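Dock chain Z against the given chain C, drawing on the hints supplied.
Note that the protein sequences, when read in sequence, are chains C and Z.
Read in order, the letters of the first sequence correspond to residues 20 to 416 in our numbering.
Read in order, the letters of the second sequence correspond to residues 20 to 416 in our numbering.
Treat the hints loosely; a few may be bogus.
Heads up, the list lumps identical chains together, so a pair's fine if it works in one copy or across two of them.
To be verified - Calculated cross-link-like contacts (lysine to aspartate or glutamate; reagent style EDC-like; alpha-carbon spacing at most 16 Å):
hint, residue 1, residue 2
1, Lys407, Asp343
2, Lys371, Asp168
3, Lys63, Asp369
4, Lys288, Asp401
5, Lys357, Glu107
6, Lys219, Glu181
7, Lys226, Asp401
8, Lys330, Glu409
9, Lys332, Asp245
10, Lys155, Glu107
11, Lys63, Asp157
12, Lys288, Asp258
Hints in this document: simulated from the structure, not taken from any laboratory.
Quantities reported herein were computed from a predicted structural model and do not represent experimental measurements.
2 protein chains.
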Amino acid sequence: MSSFSFTIEAASRRTLSRAGIIETPHGLIRTPAFVPVATKATVKALTPEQVRELGAQVVLGNTYHLYLTPGTDVIRTAGGLSRFMNWEGPTMTDSGGFQVFSLGAAFGKRLSKFGSKGREKESISPDEEKAGRLAKVDEEGVTFRSHIDGSEHRFTPERSIEIQHNIGADIIFAFDECPSPEAKQDYQREAMERTHRWAKRSLIEHKKLGGKQSLFGIVQGGRFEDLRKESAKAIGAMDFDGFGIGGTFLKQDMGNAVRWVNEILPKEKPRHLLGIGEPMDMLEAIENGCDTFDCVAPTRMGRTGTLYTKKGKVNIGNARFASDLSPIEADCDCYTCKHFTCAYLHHLFDAKEMFAATLASIHNLRFLVRLVDEARISILKDTFEDFKQELLSTYLS
Amino acid sequence: MSSFSFTIEAASRRTLSRAGIIETPHGLIRTPAFVPVATKATVKALTPEQVRELGAQVVLGNTYHLYLTPGTDVIRTAGGLSRFMNWEGPTMTDSGGFQVFSLGAAFGKRLSKFGSKGREKESISPDEEKAGRLAKVDEEGVTFRSHIDGSEHRFTPERSIEIQHNIGADIIFAFDECPSPEAKQDYQREAMERTHRWAKRSLIEHKKLGGKQSLFGIVQGGRFEDLRKESAKAIGAMDFDGFGIGGTFLKQDMGNAVRWVNEILPKEKPRHLLGIGEPMDMLEAIENGCDTFDCVAPTRMGRTGTLYTKKGKVNIGNARFASDLSPIEADCDCYTCKHFTCAYLHHLFDAKEMFAATLASIHNLRFLVRLVDEARISILKDTFEDFKQELLSTYLS
Chain C
20 MSSFSFTIEA ASRRTLSRAG IIETPHGLIR TPAFVPVATK ATVKALTPEQ
70 VRELGAQVVL GNTYHLYLTP GTDVIRTAGG LSRFMNWEGP TMTDSGGFQV
120 FSLGAAFGKR LSKFGSKGRE KESISPDEEK AGRLAKVDEE GVTFRSHIDG
170 SEHRFTPERS IEIQHNIGAD IIFAFDECPS PEAKQDYQRE AMERTHRWAK
220 RSLIEHKKLG GKQSLFGIVQ GGRFEDLRKE SAKAIGAMDF DGFGIGGTFL
270 KQDMGNAVRW VNEILPKEKP RHLLGIGEPM DMLEAIENGC DTFDCVAPTR
320 MGRTGTLYTK KGKVNIGNAR FASDLSPIEA DCDCYTCKHF TCAYLHHLFD
370 AKEMFAATLA SIHNLRFLVR LVDEARISIL KDTFEDFKQE LLSTYLS
Chain Z
20 MSSFSFTIEA ASRRTLSRAG IIETPHGLIR TPAFVPVATK ATVKALTPEQ
70 VRELGAQVVL GNTYHLYLTP GTDVIRTAGG LSRFMNWEGP TMTDSGGFQV
120 FSLGAAFGKR LSKFGSKGRE KESISPDEEK AGRLAKVDEE GVTFRSHIDG
170 SEHRFTPERS IEIQHNIGAD IIFAFDECPS PEAKQDYQRE AMERTHRWAK
220 RSLIEHKKLG GKQSLFGIVQ GGRFEDLRKE SAKAIGAMDF DGFGIGGTFL
270 KQDMGNAVRW VNEILPKEKP RHLLGIGEPM DMLEAIENGC DTFDCVAPTR
320 MGRTGTLYTK KGKVNIGNAR FASDLSPIEA DCDCYTCKHF TCAYLHHLFD
370 AKEMFAATLA SIHNLRFLVR LVDEARISIL KDTFEDFKQE LLSTYLS
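With the rest of the complex left out, here is chain C (with noise of 0.2 Å):
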């Protein structure tokens, strides 16, 4: 029934990087590549025929909001996510889990997916953290406030499963428990045997359910180098058709955690990591086996005025660009550069107008997702480790 493969087109023999192609039923993602994400069915301040233009070939959406706003059945009705937003090709949805639990273990922490300065925040309000005060996990599933009106709901494994077959997108995932980075080891342990129960629970749910989705398990484990093992043979010996690497660790431990995780995993699944899109740990990601990335950080930043080059990260909202008539990079072959000048951009950001985020989030995307794609011809070139050392001495953000 699934249309749903990946062929692997180049492994390298010195790391565990790999470019190959998924199959939707939706088209083809060629990997490794970058995910930009569609929280509410929309890439922020973006159609979807820009999203295509810069080169994303998937996006991914959030059960969680999409289940709260506009909820599952408009979206079924219309036909399905990618319908639904008029994208017109792969879509992911992830399983809610990370959402749900980041209103209640995470709560009045500003939980970040991989826990360290400069990463990507999911940011809680005042009312996010006062609902979060209510989410309660048990065996059977989390209970936990809406952070829009504070109603109470319940995600179980089932529920989760059953949600995403409504919002109908191409990859899945299974309902996971994702700790706070600050719990001990004993807490992860026990939230990681849970996670796993959860993983096959979804994995019946799914078959029950049949259709021509693809399930991706959640490997969890936090830091610990054994948890992670542990999780990758547990996750990685159940029948799922990919994997996602999901939790909070500190930066400097996520290469190690990723390369513990895929040395494990079976190689011939994909492996998304969730929540990373640093350039820089994208490329680390690539180097220890990942395949696929998701990160609202482009967008999000790109609303603020923090732009990407290959030098690092700009605030455009500098004054020096005030009279800068350059694109914000030469050689970048974004609608944004190949159109307008910093001075246009800082005058947007000034004057606070939306095309500002519009062209700031369209040259974020393009700069990862480029990154991404030339990583993946020099994987299929076998020069991968040559194209990160050159972007390592250059870039310094």
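Positioned in the frame of chain C, the structure of chain Z alone reads:
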């Protein structure tokens, strides 16, 4: 030197309506034409390509706003407004008069350009109102404070023209005084006579500076027939390339006021009605001899979810749209209606997504541009009255 011309292709024998072509250094404008407003060098939330695709031929920037931010230096250095904002077509700038005076005489009154309910407001924030207390007019010009930082500035006719030459739009306007609609007839006369003296000075400065821009003189006179006619005679006798009809008066007076003026203005020059864009108002103005119209209403209303349809305005936030999987209008040819449902738009507004503003603005602008284009075709076929009557019979608001 000037590559400006206006050719009348067809003119009604029963009304003042006509169809024509304005030639500018940046291209043609087939009239009647609706002119989207790009206040701060961007049609809010849209790319220039989106503005072009929805059929707009020309955009209008605001001299007051562009003078304050980003300032004229960077726009001039960039090659002028069209190059700066990457709009490959004709541009206009207003004189700055309306904004300067709406912060002065209209202080605290939330002045509407045509002073009646349901029309586009120039919204004035408390800070602006405070600054407005300090706007002062004298024979030489106006001293006012920036609504951004309270700094003091002075516009004279010469300065407005100099600024507009630096901004570099194809069609620019003489500096005028736009009194409050509540101003008594005595003051209306005083302001009108000053506007005539300023018009002469604007024209002298414009010729002194040279170049390929075209200058339109502005007719004032409020809602008073004798003043409007006197102003049309005075301004119409000056060597302008075209004319603007400015000022504030009541909705029911608009058609009359425009007719009084256009019966007097020289037929062979184009007439721009400033700040008007409601569908029925435009048709009335076309019937009474206006060629072009600018208005922020379609984009401003779009950003709050108010959408034009042939049956009147609807608010997409209404609960009845939450599960409506049809487009806003089945026979609308805009990008939004071709690709997205009411349910999706409803969701985007509900979720406060920026993309909502983009899609709604595209629909509203396309609605007005198409309406005026259809009016043009009906004038060429000499069936304008039927066209207007048919629309009047269905349009409810």
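Going down the list of hints, with the structure as the test:
1. Taking identical chains as interchangeable, the C-alpha atoms of Lys407 and Asp343 are never at most 16 Å apart, the minima being 30 Å within one chain and 49 Å between chains.
2. Proximity of Lys371 and Asp168 under a CA criterion of 16 Å is satisfied inter-copy only: 15 Å between copies versus 29 Å inside one chain copy.
3. For the homomeric pair Lys63 and Asp369, the shortest alpha-carbon distance between copies (14 Å) is at most 16 Å, but the shortest distance inside one copy (20 Å) is not.
4. Taking the shortest alpha-carbon separations for Lys288 and Asp401, neither the intra-copy value of 21 Å nor the inter-copy value of 68 Å comes in at or below 16 Å.
5. Taking the closest pair of Cα atoms, Lys357 and Glu107 come within 16 Å of each other only across two copies (14 Å); inside a single copy the shortest separation is 25 Å, beyond that limit.
6. In this homomeric assembly, Lys219 and Glu181 come within 16 Å of each other (Cα to Cα) only inside a single copy, at 15 Å, whereas the closest approach across copies is 73 Å.
7. Taking the shortest Cα distances, Lys226 and Asp401 never come within 16 Å of each other, neither inside one copy (38 Å) nor across copies (66 Å).
8. For the homomeric pair Lys330 and Glu409, the shortest alpha-carbon distance inside one copy (11 Å) is at most 16 Å, but the shortest distance between copies (61 Å) is not.
9. Taking identical chains as interchangeable, the C-alpha atoms of Lys332 and Asp245 are never at most 16 Å apart, the minima being 35 Å within one chain and 62 Å between chains.
10. Taking the shortest Cα distances, Lys155 and Glu107 never come within 16 Å of each other, neither inside one copy (38 Å) nor across copies (57 Å).
11. Taking the shortest alpha-carbon separations for Lys63 and Asp157, neither the intra-copy value of 34 Å nor the inter-copy value of 48 Å comes in at or below 16 Å.
12. In the homo-oligomer, the alpha carbons of Lys288 and Asp258 lie at most 16 Å apart inside one protomer (10 Å), although the nearest pairing across protomers, at 76 Å, exceeds that limit.
Hints 1, 4, 7, 9, 10, 11 from the list above are not met by this structure, while the remaining hints are.
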